[in-house]
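Chains as they are written, first to last, in numbering that gives the first Met the number 0: chain A, 0 to 99; chain B, 0 to 99; chain C, 0 to 99.
Worth double-checking, as some hints may not be accurate.
Given that identical chains are not distinguished, each listed pair holds provided it fits within a single copy or across any two copies.
Claimed, not checked - Here are the simulated EDC-like pairs of lysine to aspartate or glutamate, each with C-alpha atoms no more than 20 Å apart in a straight line:
id, residue 1, residue 2
1, Lys75, Glu88
2, Lys27, Glu78
3, Lys55, Asp79
4, Lys27, Asp79
5, Lys1, Glu74
6, Lys1, Asp79
7, Lys1, Glu21
8, Lys16, Glu88
9, Lys16, Asp37
10, Lys16, Glu63
11, Lys16, Asp79
12, Lys27, Glu12
13, Lys55, Glu88
14, Lys25, Glu2
15, Lys1, Asp37
16, Lys1, Glu88
17, Lys75, Asp37
18, Lys1, Glu18
19, Lys1, Glu17
20, Lys16, Glu2
21, Lys1, Glu78
Treat the hints as calculated values from the structure; they're not laboratory data.
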Amino acid sequence: MKERLILVTVIFENVLKEEIVELFLKHKTTGFTLSRVDGQGSRGVRASEFEGPNLKIESVVSREIADAVLEAIAEKYFEDYSVIAWDCEVNVLRGRKFSP
Amino acid sequence: MKERLILVTVIFENVLKEEIVELFLKHKTTGFTLSRVDGQGSRGVRASEFEGPNLKIESVVSREIADAVLEAIAEKYFEDYSVIAWDCEVNVLRGRKFSP
Amino acid sequence: MKERLILVTVIFENVLKEEIVELFLKHKTTGFTLSRVDGQGSRGVRASEFEGPNLKIESVVSREIADAVLEAIAEKYFEDYSVIAWDCEVNVLRGRKFSP
């Protein structure tokens, strides 16, 4: 009843919301959640202040889609934005909902 | 000092809040957190719109409890609701707080 | 392009916010996010009520830093506060941002 899939998590600046959501949709992810987080990154200067509201997007996808999404995010945003992205393996209860 | 336990995560519609919390309590989970997330699922129609506020519940439990909770959720809600559920292994600092 | 690192998660009472953030900064974590969660713990009494807003801090760090942070949290807060802490391995896209 469970399927081993990948939970992709990306934390990014509010200003990227529409682009990142678009990027997830374009890669055939079939669902995701967005939540607001306050963050503090590693970009010097405001080292002791919060950078203010960021967003976190999470999506459970196949390994293939996870890699494609993360690669696209690295290419587009890592140079110029405070973006953090990771994945980890999870056991999903209704796997068929997420697989292609 | 650490114990290998299971982090159970379930994302569900607001309307199920009381029932899902009840379900977690009934299975002897000793703690959980709830947070609001915005979600977009795979239920067609509103493919380019957000479905609005959902809830995410997270709880660290034994393998046995994790399986019982997830099975109960699948049975009760997967047919009629947009519910997503997964688990993954975590190393918990104060394991005894979660174990039976 | 990915690096195996540790996602540290700590859930704690609002009153500890400044101290916990300070503790993360002191351990050379280079970024973290904070989000509000509602929680219910295992401290008896209010078993059927929510304990109200807690905070969740998440940070991706090296194994060494993860252990140091978690040990410090256990020492300082486990006796007197409702603190829950765990870690799990994740594959971070831009690892160099987090490593020393």
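Going through the hints against the structure:
1. In the homo-oligomer, the alpha carbons of Lys75 and Glu88 never lie at most 20 Å apart, since the shortest distance is 24 Å inside one protomer and 25 Å across protomers.
2. Within a single copy, Lys27 and Glu78 get their C-alpha atoms no closer than 25 Å, and across copies no closer than 23 Å, so neither meets the 20 Å cut-off.
3. In this assembly of identical chains, the alpha carbons of Lys55 and Asp79 lie at most 20 Å apart only when taken from the same copy (18 Å versus 27 Å across copies).
4. Within a single copy, Lys27 and Asp79 get their C-alpha atoms no closer than 25 Å, and across copies no closer than 23 Å, so neither meets the 20 Å cut-off.
5. Only between protomers do Lys1 and Glu74 lie at most 20 Å apart by alpha-carbon distance; the minimum there is 13 Å, versus 32 Å within a single protomer.
6. Taking identical chains as interchangeable, the C-alpha atoms of Lys1 and Asp79 lie at most 20 Å apart only when they sit on different chains, with a minimum of 19 Å there against 38 Å within one chain.
7. Taking CA atoms no more than 20 Å apart as the test, Lys1 paired with Glu21 passes in neither setting, with 28 Å inside one copy and 23 Å between copies.
8. Taking the shortest alpha-carbon separations for Lys16 and Glu88, neither the intra-copy value of 25 Å nor the inter-copy value of 27 Å comes in at or below 20 Å.
9. In the homo-oligomer, the alpha carbons of Lys16 and Asp37 lie at most 20 Å apart both inside one protomer (15 Å) and across protomers (12 Å), since each shortest distance falls under that limit.
10. Neither within a single protomer nor between protomers do Lys16 and Glu63 lie at most 20 Å apart by alpha-carbon distance, with minima of 23 Å and 33 Å respectively.
11. Taking the shortest alpha-carbon separations for Lys16 and Asp79, only the intra-copy value of 15 Å comes in at or below 20 Å, while the best inter-copy value is 30 Å.
12. Taking the shortest alpha-carbon separations for Lys27 and Glu12, neither the intra-copy value of 22 Å nor the inter-copy value of 22 Å comes in at or below 20 Å.
13. Taking the closest pair of Cα atoms, Lys55 and Glu88 come within 20 Å of each other both inside a single copy (18 Å) and across two copies (18 Å).
14. Proximity of Lys25 and Glu2 under a CA criterion of 20 Å is satisfied in neither setting, with 23 Å inside one chain copy and 25 Å between copies.
15. Within a single copy, Lys1 and Asp37 get their C-alpha atoms no closer than 33 Å, and across copies no closer than 24 Å, so neither meets the 20 Å cut-off.
16. For the identical chains of this complex, Lys1 and Glu88 are neighbours both inside a copy (12 Å) and across copies (14 Å), given an alpha-carbon limit of 20 Å.
17. In this homomeric assembly, Lys75 and Asp37 never come within 20 Å of each other (Cα to Cα): the closest approach is 22 Å inside a single copy and 24 Å across copies.
18. Neither within a single protomer nor between protomers do Lys1 and Glu18 lie at most 20 Å apart by alpha-carbon distance, with minima of 31 Å and 23 Å respectively.
19. Taking the shortest alpha-carbon separations for Lys1 and Glu17, neither the intra-copy value of 32 Å nor the inter-copy value of 25 Å comes in at or below 20 Å.
20. In the homo-oligomer, the alpha carbons of Lys16 and Glu2 never lie at most 20 Å apart, since the shortest distance is 29 Å inside one protomer and 25 Å across protomers.
21. Proximity of Lys1 to Glu78 under the C-alpha cut-off of 20 Å is restricted to the inter-copy arrangement: shortest distance 16 Å between copies versus 37 Å within a copy.
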